[in-house]
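*Asks:* Each residue of the sequence shown is one higher than the last, beginning at 0 in numbering that gives the first Met the number 0.
Bear in mind the hints are in silico, worked out from the structure with no lab data behind them. Incorrect hints may have been included.
Claimed, not checked - Pairs of lysine to aspartate or glutamate, DMTMM-like flavour, derived with a Cα cap of 25 Å: (1) Lys25 x Asp116; (2) Lys25 x Asp92; (3) Lys102 x Glu20; (4) Lys25 x Glu78; (5) Lys36 x Glu78; (6) Lys36 x Glu20; (7) Lys102 x Asp1; (8) Lys36 x Glu57; (9) Lys25 x Asp77; (10) Lys36 x Asp1; (11) Lys102 x Asp77; (12) Lys102 x Asp92; (13) Lys36 x Glu99; (14) Lys25 x Glu57; (15) Lys25 x Glu99; (16) Lys102 x Glu78.
Unchecked claim - Restraint ranges, calculated between C-beta atoms of paired labels, are given here: (17) Asp92 x Val59: 46 to 52 Å; (18) Thr11 x Arg35: 15 to 21 Å; (19) Arg23 x Asp101: 27 to 33 Å; (20) Ala115 x Gly39: 21 to 27 Å; (21) Arg4 x Asp101: 31 to 37 Å; (22) Ile107 x Ala76: 37 to 43 Å; (23) Phe113 x Met41: 42 to 48 Å; (24) Arg23 x Gln91: 22 to 28 Å.
Since the model is a prediction, treat every value here as computed from it, not as a measurement. Every residue gets a Cβ at the ideal spot worked out from N, C-alpha and C, and that includes glycine.
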Amino acid sequence: MDQLRSRGLRMTPQRRAIVSEVMRAKGHISPTAIARKVQGDMPGVNASTVYRTLTLLESVGVLQHSHVETGAEYHRADEAHHVHLTCRNCGQDDELSLDEADKLQGLIRRHHGFVADLTHFAITGLCSDCAA
Numbered sequence: 000m001d002q003l004r005s006r007g008l009r010m011t012p013q014r015r016a017i018v019s020e021v022m023r024a025k026g027h028i029s030p031t032a033i034a035r036k037v038q039g040d041m042p043g044v045n046a047s048t049v050y051r052t053l054t055l056l057e058s059v060g061v062l063q064h065s066h067v068e069t070g071a072e073y074h075r076a077d078e079a080h081h082v083h084l085t086c087r088n089c090g091q092d093d094e095l096s097l098d099e100a101d102k103l104q105g106l107i108r109r110h111h112g113f114v115a116d117l118t119h120f121a122i123t124g125l126c127s128d129c130a131a
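Given only the sequences and the hints, what does the whole structure look like? Please build it.
*Replies:* Have a look at this one:
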């Protein structure tokens, strides 16, 4: 957590535990799941500590979050190479590569002059099975 130390921020035991859970997670993890796991080892860590730490880690570029069907989920910034496609009927989650997202982003910019950040949320709709 050199990014935190280089900004003069302390690596408290609570922060260390939260960072450890996020880095251990495969893919995305919700703040609630992080809090539950950290509280298993450190019962005194409350949800607000988890949220503040996640916000701090995002501000220094360690994490990113996306808005998915169930709420915000966090992932390591170096894993942010896709956009979520979530089926609103069955909940299936698929991924749109950043190359594909760039094409969509270009289309939005050309037609609306708007520079979209498509990595910040999930695109909801119907998966191929539910749409059939």
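*Asks:* If a hint holds in the structure, say so; if it doesn't, say that too.
*Replies:* Results of checking the hints against the structure:
1. Lys25 x Asp116: Within the cut-off at roughly 23 Å; holds.
2. Lys25 x Asp92: holds, 15 Å
3. Lys102 x Glu20: At roughly 34 Å apart (the allowed maximum being 25 Å), Glu20 and Lys102 break the hint.
4. Lys25 x Glu78: Within the cut-off at roughly 10 Å; holds.
5. Lys36 x Glu78: Holds: Lys36 and Glu78 sit about 21 Å apart, inside 25 Å.
6. Lys36 x Glu20: Judged against 25 Å, a Cα distance of about 7 Å means the pair holds.
7. Lys102 x Asp1: violated, 35 Å
8. Lys36 x Glu57: The hint holds at about 20 Å.
9. Lys25 x Asp77: holds, 13 Å
10. Lys36 x Asp1: holds, 23 Å
11. Lys102 x Asp77: holds, 21 Å
12. Lys102 x Asp92: With a Cα-Cα distance of about 20 Å, the restraint between Lys102 and Asp92 holds, given a limit of 25 Å.
13. Lys36 x Glu99: Measuring from Cα to Cα gives roughly 35 Å; hence the hint is violated.
14. Lys25 x Glu57: holds, 18 Å
15. Lys25 x Glu99: holds, 23 Å
16. Lys102 x Glu78: holds, 20 Å
17. Asp92 x Val59: 46 to 52 Å: Once the Cβ atoms are compared, 27 Å apart, the range 46 to 52 Å for Val59 and Asp92 is violated.
18. Thr11 x Arg35: 15 to 21 Å: Between Thr11 and Arg35, where Cβ atoms are some 19 Å apart, the hint holds.
19. Arg23 x Asp101: 27 to 33 Å: holds, 30 Å
20. Ala115 x Gly39: 21 to 27 Å: violated, 39 Å
21. Arg4 x Asp101: 31 to 37 Å: holds, 34 Å
22. Ile107 x Ala76: 37 to 43 Å: violated, 23 Å
23. Phe113 x Met41: 42 to 48 Å: Holds, since Phe113 and Met41 (Cβ atoms, about 43 Å apart) stay within the stated range.
24. Arg23 x Gln91: 22 to 28 Å: About 25 Å separates the Cβ atoms of Arg23 and Gln91, which means 22 to 28 Å holds.
In summary, the structure is inconsistent with hints 3, 7, 13, 17, 20, 22 from the numbered list given earlier, while agreeing with the others.
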